[in-house]
Amino acid sequence: MALDFAAGCAGGAAGVLVGHPFDTVKVRLQVQNVDKPLYRGTFHCFQSIIRQESMLGLYKGIGSPMMGLTFINAIVFGVQGNAMRHLGRDTPLNQFLAGAAAGAIQCVICCPMELAKTRMQMQGTGEKKSKKKMYKNSLDCLVRIYNKEGFRGINRGMVTTLLRETPGFGVYFLAYDVLTRSLGCEPEDPYMIPKLLFAGGMSGIASWLSTYPVDVIKSRLQADGLGGVNKYSSIMDCVRQSLQNEGWRVFTRGLTSTLLRAFPVNATTFATVTLFLMYMRQGEECSIQNSEPQCVQLQPLQQQTQPTSM
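Under numbering that gives the first Met the number 0, the first residue of the sequence shown is numbered 0, with each subsequent residue one higher.
Simulated from the structure, these hints should not be mistaken for laboratory data. Certain hints may be false.
No more than 20 angstroms apart at the CA atoms, straight line, and that leaves these computed lysine to any residue pairs for SDA-like [said to hold, decoys possible]:
1) K132 / F250
2) K230 / F250
3) K230 / N244
4) K35 / C237
5) K135 / Y145
Construct the entire structure; sequences and hints are all you get.
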């Protein structure tokens, strides 16, 4: 299980660096005022942030995911692998259940992390140098929210986070399992790495498509109150107001940037985790068999990438 956690850490750090600018664009589009929109779409949002806030504007709030996502991925891959071992049989249903369990457990870290990230991403919108910063950094953001609103405040959006992450991670691991089996990813395959990248990227896209409307509501609830005024009283009130003011298309706001982010981030994450586990286990087998002339040959990667062997 230690290898599962270490692999998750490596994958998490790689994913954050690749995808954070897309996430900033996603959040800005999800929560912008429909009556006075600042951005016309994904690419206009990219251009506006760079022009008004410099390239650093795209990386606002990165401190929170850099601290949190490494641990989140470690928890996710560790819990999922352990759950598959307890479930015993490597079936599509068990892949979904193990992924869902991992998604639910990591919400304890994910919710406060995304709250701080969202608040930092929205701070100083359109300003190259904010005249008055409410929060110095992600940690200061959480401390201030806790001092003002208590434990409940730093867990704002927990229910929607659970509603997003539980089925989302189930779909995530199920899709990766199906794709790696279908593509026949094996160590001796010269196209193994491209296949892993493709499977990981498409798994991320499938996961986001399955839960994206919930993510829109989560972002709106977590950004609510940033200016001192709360617009929504509950999840259902947020859904009602959003539908009433913007129609059903509100649930697709920021989807383009999310999908553009999902492929490279999850391709990088899954490929990193899978290759890390493969080579670490190869090293373990070599050390165990150090009295023999050669190491034991690796089993097909298709089996190694499945959580039953993580």
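Tested hints:
About 30 angstroms separates the Cα atoms of K132 and F250, which puts this hinted pair outside 20 angstroms; it is violated. Distance restraint check for K230 and F250: the Cα-Cα separation of roughly 18 angstroms lies within the 20 angstroms cut-off, and the hinted pair is therefore satisfied. At most 20 angstroms may separate the alpha-carbon atoms for a hinted pair to count; K230 and N244 meet this at roughly 13 angstroms. For the given pair, K35 sits about 18 angstroms from C237 by alpha-carbon distance, which is consistent with the 20 angstroms threshold.
A hinted pair counts as satisfied when its Cα atoms are at most 20 angstroms apart, and K135 with Y145 qualifies at roughly 15 angstroms.
In summary, the structure is inconsistent with hint 1 from the numbered list given earlier, while agreeing with all the others.
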